[in-house]
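Q: Hey, can you work out the whole structure from these sequences and the hints?
As given, the protein sequences belong to chains A and B, one line each in that order. Each residue of the first sequence is one higher than the last, beginning at 1 in our numbering. Each residue of the second sequence is one higher than the last, beginning at 354 in our numbering.
These are calculated hints, taken from the structure and not from any lab test. None of these values were measured; they are calculated from a predicted model. Any given hint could turn out to be false.
Stated by the list, open to error - Only pairs whose alpha carbons sit at most 27 Å apart, straight line, appear in this in silico DSSO-like list of lysine-lysine:
hint, chain 1, residue 1, chain 2, residue 2
1, B, Lys725, B, Lys668
2, B, Lys530, A, Lys243
3, A, Lys97, B, Lys527
4, B, Lys626, A, Lys131
5, B, Lys590, B, Lys569
6, A, Lys344, B, Lys436
7, B, Lys481, A, Lys344
8, A, Lys3, B, Lys527
9, B, Lys530, A, Lys3
10, A, Lys97, B, Lys401
11, B, Lys668, A, Lys243
12, A, Lys249, B, Lys502
13, A, Lys2, B, Lys725
14, B, Lys635, A, Lys344
15, B, Lys527, A, Lys131
16, B, Lys407, B, Lys468
17, B, Lys668, A, Lys94
18, B, Lys626, A, Lys353
19, A, Lys344, B, Lys468
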Amino acid sequence: MKKTYINGVGCISTQKTFDTVFLEEAIEHKNETVLSIVSPIYKDYISPAASRRMAKGVKNGIVASALALKDAHLENIDAIITGTGLGCIEDSEKFLKNILDNNEEFLTPTAFIQSTHNTVGAQIALTLQCKGYNFTYVNGAVSFESALLDAKMQIEENEANSILVGGIDETGDYTISLFKLAGRVKDENNLPNDILNSTSTGAIYGEGAAFFVLENEKKENTYAQILDVEIINTLQENEVEAKITAFLKANNLEISDLDAVVLGFNGNIDSDIYYKNIAENAFAKIPQLYYKHLSGEYDTASAFALWMASKVIKTQEIPEIVKVNSVEKPIYSNILLYNQLNGKNHSFTLISK
Amino acid sequence: MKGVAITGMGIISSIGNSVEENYTSLIENKIGISRITNIPTVHADVIKVGEIKKTNDELVDELKLSQDNNFSRTAMIGTIAAKQAVENAGITSINEFRTGLISATSVGGMDMTEKHYYDYFEHPELVKYIACHDGGDVAEKIAEELGLKGIVTTISTACSSAANAIMLGARLIKTGKLDRVIVGGADGLAKFTINGFKTLMILSDDFNKPFDNERKGLNLGEAAAYLVLESDEIVAKQNKKVLARVSGYGNANDAFHQTASSENGDGAYLAMKKAFEVSGLKPSQIDYINVHGTATPNNDLSEGRALLRIYQDIKVPDFSSTKPFTGHTLAAAAAIEAVYSVLAIQNNVVYPNLNFENPMEEFDLQPETSLKNKTIEHVLSNSFGFGGNCSTLIFSKS
Numbered sequence: 001m002k003k004t005y006i007n008g009v010g011c012i013s014t015q016k017t018f019d020t021v022f023l024e025e026a027i028e029h030k031n032e033t034v035l036s037i038v039s040p041i042y043k044d045y046i047s048p049a050a051s052r053r054m055a056k057g058v059k060n061g062i063v064a065s066a067l068a069l070k071d072a073h074l075e076n077i078d079a080i081i082t083g084t085g086l087g088c089i090e091d092s093e094k095f096l097k098n099i100l101d102n103n104e105e106f107l108t109p110t111a112f113i114q115s116t117h118n119t120v121g122a123q124i125a126l127t128l129q130c131k132g133y134n135f136t137y138v139n140g141a142v143s144f145e146s147a148l149l150d151a152k153m154q155i156e157e158n159e160a161n162s163i164l165v166g167g168i169d170e171t172g173d174y175t176i177s178l179f180k181l182a183g184r185v186k187d188e189n190n191l192p193n194d195i196l197n198s199t200s201t202g203a204i205y206g207e208g209a210a211f212f213v214l215e216n217e218k219k220e221n222t223y224a225q226i227l228d229v230e231i232i233n234t235l236q237e238n239e240v241e242a243k244i245t246a247f248l249k250a251n252n253l254e255i256s257d258l259d260a261v262v263l264g265f266n267g268n269i270d271s272d273i274y275y276k277n278i279a280e281n282a283f284a285k286i287p288q289l290y291y292k293h294l295s296g297e298y299d300t301a302s303a304f305a306l307w308m309a310s311k312v313i314k315t316q317e318i319p320e321i322v323k324v325n326s327v328e329k330p331i332y333s334n335i336l337l338y339n340q341l342n343g344k345n346h347s348f349t350l351i352s353k
Numbered sequence: 354m355k356g357v358a359i360t361g362m363g364i365i366s367s368i369g370n371s372v373e374e375n376y377t378s379l380i381e382n383k384i385g386i387s388r389i390t391n392i393p394t395v396h397a398d399v400i401k402v403g404e405i406k407k408t409n410d411e412l413v414d415e416l417k418l419s420q421d422n423n424f425s426r427t428a429m430i431g432t433i434a435a436k437q438a439v440e441n442a443g444i445t446s447i448n449e450f451r452t453g454l455i456s457a458t459s460v461g462g463m464d465m466t467e468k469h470y471y472d473y474f475e476h477p478e479l480v481k482y483i484a485c486h487d488g489g490d491v492a493e494k495i496a497e498e499l500g501l502k503g504i505v506t507t508i509s510t511a512c513s514s515a516a517n518a519i520m521l522g523a524r525l526i527k528t529g530k531l532d533r534v535i536v537g538g539a540d541g542l543a544k545f546t547i548n549g550f551k552t553l554m555i556l557s558d559d560f561n562k563p564f565d566n567e568r569k570g571l572n573l574g575e576a577a578a579y580l581v582l583e584s585d586e587i588v589a590k591q592n593k594k595v596l597a598r599v600s601g602y603g604n605a606n607d608a609f610h611q612t613a614s615s616e617n618g619d620g621a622y623l624a625m626k627k628a629f630e631v632s633g634l635k636p637s638q639i640d641y642i643n644v645h646g647t648a649t650p651n652n653d654l655s656e657g658r659a660l661l662r663i664y665q666d667i668k669v670p671d672f673s674s675t676k677p678f679t680g681h682t683l684a685a686a687a688a689i690e691a692v693y694s695v696l697a698i699q700n701n702v703v704y705p706n707l708n709f710e711n712p713m714e715e716f717d718l719q720p721e722t723s724l725k726n727k728t729i730e731h732v733l734s735n736s737f738g739f740g741g742n743c744s745t746l747i748f749s750k751s
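A: Here it is in structure tokens:
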């Protein structure tokens with residue numbers, strides 16, 4: 001069975017994650033409830049004429065995938081697999097509003113076309129003229145991990161040698177207003193100083209696109225090996241530790257073998273409890289990292305986490321701004337990522353040097 | 354063993370609320386295309402659709418959902434079909450083995466979003482429906498109704514979505530990651546998709562006529578279908594009846610245009626080619642092809658050319674599109690057509706391609722126009738979607 005290596009990364013996020021080394025310019029926006037991406041210079045990657053018609057998610061997906069390919073020194077790949085919670089939601093909003101506002105008349109197809117969830121994967125295939133396998137997963141917080149699991153299976157089974165895998169989501173104004181109404185977004189007048197010590201529900205929302213080139217060969221530019229990915233739709237808070245232990249055991253590891261854990265804390269006290277107990281107990285002696293205070297919450301925020309964990313292994317450094325505790329390790333090799341959203345769609349991802 | 358065992362099926366579509374009803378309609382030429390009644394739309398007198406003639410209230414009653422439920426129509430028809438499939442497979446303890454659910458949808462719970470979009474702020478009782486919009490909501494609800502705990506995910510690659518869900522499920526069984534998986538898709542009709550396809554000018558105002566020279570476009574439809582796939586170990590251990598097997602699958606991208614298929618059907622050709630490689634079958638071994646056949650000028654031309662490329666010097670096997678019966682049910686299409694493919698194998702029939710009159714002038718391809726009885730060992734089923742997504746599945750007699 002072939003092994004899966006991360007050989008290139010590209011990340012567009014609410015932080016400056018391009019043209020930087022590793023979060024040295026990161027800023028925690030403590031007074032905002034909805035974070036917007038730091039835009040790359042799109043015209044370096046997409047013609048301005050094409051760019052004008054493209055949805056935010058499509059543009060960011062194209063740039064992030066181009067960065068990942070460049071980083072991996074590749075020009076093409078065998079397959080493209082993406083994950084997105086809501087797709088190009090701005091176009092969905094636009095098309096739906098046009099239907100409702102104009103009583104189903106005077107509509108044009110562009111917004112409808114871009115609202116299709118697999119638009120980003122399709123546009124990358126068009127750009128690269130990649131006729132290989134092309135899947136898009138849309139299952140809330142495991143959208144990206146579903147793509148990752150699929151890609152790992154493709155490589156293990158020799159169905160592909162190189163795969164572009166990415167997670168993309170964008171914010172849309174109306175959808176965010178609905179999320180606020182449903183209590184998913186934190187109250188802007190009552191923001192915690194630190195999401196780790198939050199006493200309120202809701203999260204700070206964000207958007208982003210992170211892509212990875214996975215290959216079946218270890219190269220000079222390899223970041224890490226993906227050892228395993230597991231998805232579980234529902235878990236009780238008291239089942240988490242046993243699940244993690246079993247997941248690690250299946251990979252011949254124990255909790256004490258972990259050099260770092262990346263947890264999806266988002267400041268929602270109702271669901272951060274899933275992380276809190278293991279962070280304070282089982283993981284107490286392990287360096288812990290968090291990221292949603294930088295990236296914001298969105299369905300594929302865990303792709304930002306994988307980008308971060310890959311960088312930790314490559315640089316062997318953990319930026320101060322993402323540390324949950326002060327524990328350090330001489331070498332950062334085995335890293336576990338755990339994410340869930342509102343107690344649903346749990347995922348465990350294990351990578352290693 | 355040639356392929357992954359199918360041990361259960363469930364379906365609800367405009368031609369029936371069960372596998373048996375769907376089969377009866379297929380062999381008795383009972384079509385499900387009619388005027389739309391469940392959704393108020395200005396296009397009601399122009400378009401024809403394959404609509405499930407049950408209101409949301411009737412579906413709520415049928416599923417015995419509580420009054421404060423937040424099921425979209427898509428989630429309700431999905432749950433009905435998935436429950437049938439699980440029952441048909443004789444599964445009583447859903448988490449007894451490592452079981453997953455791979456679903457497919459194009460727009461998730463858009464039917465609720467579009468109904469309440471501007472009313473959420475004034476009507477707190479509607480806020481519960483905001484969560485429906487999520488593409489994963491349908492699968493999450495089905496999993497909850499089944500009590501399933503494990504891998505639950507959703508694929509959305511437009512009109513090929515369910516084919517890809519079946520493909521992923523088969524791979525998860527083959528690689529031993531799961532013992533059992535429920536695969537399929539659901540899509541309820543929505544104003545959003547009706548108007549989307551309208552703007553693309555590919556809706557017919559008449560009954561759709563796949564592979565006909567005068568075809569004018571597609572009729573949209575709504576449906577849900579799920580199949581249960583199980584490992585050979587479980588099949589042997591529980592002495593299960595195998596309905597048929599998923600023996601081949603392939604996915605490729607046309608990489609030509611966001612919504613149109615290439616003239617030579619590159620993506621379709623590659624998808625079929627891969628499916629033959631996986632199955633180890635030769636094109637000549639296929640007894641029936643359930644074509645994608647949406648009846649849009651573009652699809653049928655592209656798919657026909659791809660078929661001729663695959664079959665080069667030999668005759669294209671008997672083929673038909675079942676979309677004149679059901680309409681194009683988008684992300685569910687490949688799932689309902691998988692059920693129809695299995696039924697074709699079980700009953701040794703080729704379904705008629707209704708409404709066909711004149712062959713297309715571009716090539717010499719004639720679909721079967723009346724029900725034909727013959728031995729069916731292998732069925733190939735195509736499904737293609739926006740974004741150049743092309744998928745082929747091959748089903749074989751067990």
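Q: Hint by hint, where does the structure go against what was stated? Just the numbers, ascending.
A: 3, 5, 11, 13, 14, 17 and 18
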